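Produce the complete structure using the sequences and hints provided.
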Amino acid sequence: MNCADIKKKLQPFLDDLLAEDEFKAFRDHINVCGKCGKYVRSIGSLSNQLWKLGKARVPEDLSSTIMYKLDHHGQKAHLFKYILSKKRIIAGFILASLIIALFVGINYLRARQWPRRDDTSIVSIVRTEVIHKIESPTESETRSFIKQLETIVANKLGIAVNGITTNVESEKENIVDEEERDRD
Amino acid sequence: MPKRNERRLKLLISRYQQRVFALVLHLIGGDRDKTYDICASSFAEAMQAGSLLEQEEVFLTRVIRIAIKKSRATKTMPTSNELDFLDLPSSEKGPLHIVLKGLQALDFDAKALVLLRGQLNLLYRQIATIMRVSESDARIKTAQAHARLRKMIGDDLTPEN
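Protein sequence lines, in the order shown, are assigned to chains A and B.
Every letter in the first sequence is one number past the one before it in the numbering used here, and letter 66, counting from 1, is 66.
Every letter in the second sequence is one number past the one before it in the numbering used here, and letter 67, counting from 1, is 67.
Hints listed in this document are in silico derivations from the structure and should not be mistaken for laboratory results.
Model, not experiment: these values are computed from the prediction.
A couple of the hints might just be wrong.
Stated by the list, open to error - Sample of chain B residues facing chain A (criterion: CB under 8 Å; computed from the structure): (1) Ile13; (2) Leu25; (3) Asp31; (4) Cys39; (5) Ala40; (6) Phe85; (7) Asp87.
To be verified - Away from chain B, derived, C-beta distances all over 10 Å, residues of chain A: (8) Cys3; (9) Lys8; (10) Pro12; (11) Leu98; (12) Glu141; (13) Arg143; (14) Glu178; (15) Arg183.
For glycine and all other residues, C-beta sits at the position ideal for the given N, C-alpha and C.
Next up, the structure:
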């Protein structure tokens, strides 16, 4: 495209009606040819006004800031790539799985041990209560006390307490035997 | 960084910094400090993402796409002193005031399309890549945005000569 073509194509250019290849040729010419560039800029139109908006004053230190950021960003990106390397992701995944498995395992074992351990402690509590709180138990008093305890334990734990009852009843018989022996 | 690469980077920056700076300045409504930050980080990211051997057009497209994405995410209020940052004689700034007012009334995408075509003179192929739409969509949407802008500013613009 030459300078004469620019005058011919100016109106279609301003109205944005040029084909892409013509637009490119027009743009390239006015970027190179100062006279044509000035001529096109002098024509008032929306396209021309928009074009003028591109004449922004750029801060002088923008270039050096970009270079600084580029170095800085490069280091950060390198660190990011290092952390996100395939091997490290796999290692991290395995480590996390192991920690989760350990945590779940410990909780599972504790859950399994819990009723037995608690069962034992409750039996010992029942024994203590029977021995120390009932000073002179009659047959019916002892049975009612044990019944109450059974209900409480069953409500609290939601488990069958036959074992406890058996233990407590045998304990009660022992106590009664001991008392009879003492009396004798 | 090798000296040759540094020279190439500086060349790219000096060639395109004004175009990108002006685009972001008008997109976010004239906040010069934020424009500065967006431009610097957009150039850095675009350079980091691509090879130095690629075509300049590809680089320009990428840096503009990043800058537009960052501008979209930036919340700013339009400032009244946007024209002060333009390197133009004061006589030429009058009609620009009306254009800027019209531009600020457009939605972000329409504003970006108008500026990409009208200010940066990009081809529709490049605009389509930047805005992630088809070329025909870019053409239609730009024409619609231009029409809206023309309607907003009305007949305020008159030929200067």
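- Item | Numbers of the earlier hints that this structure fails to satisfy, in rising order | Number 3 - this is the single hint that the structure violates.
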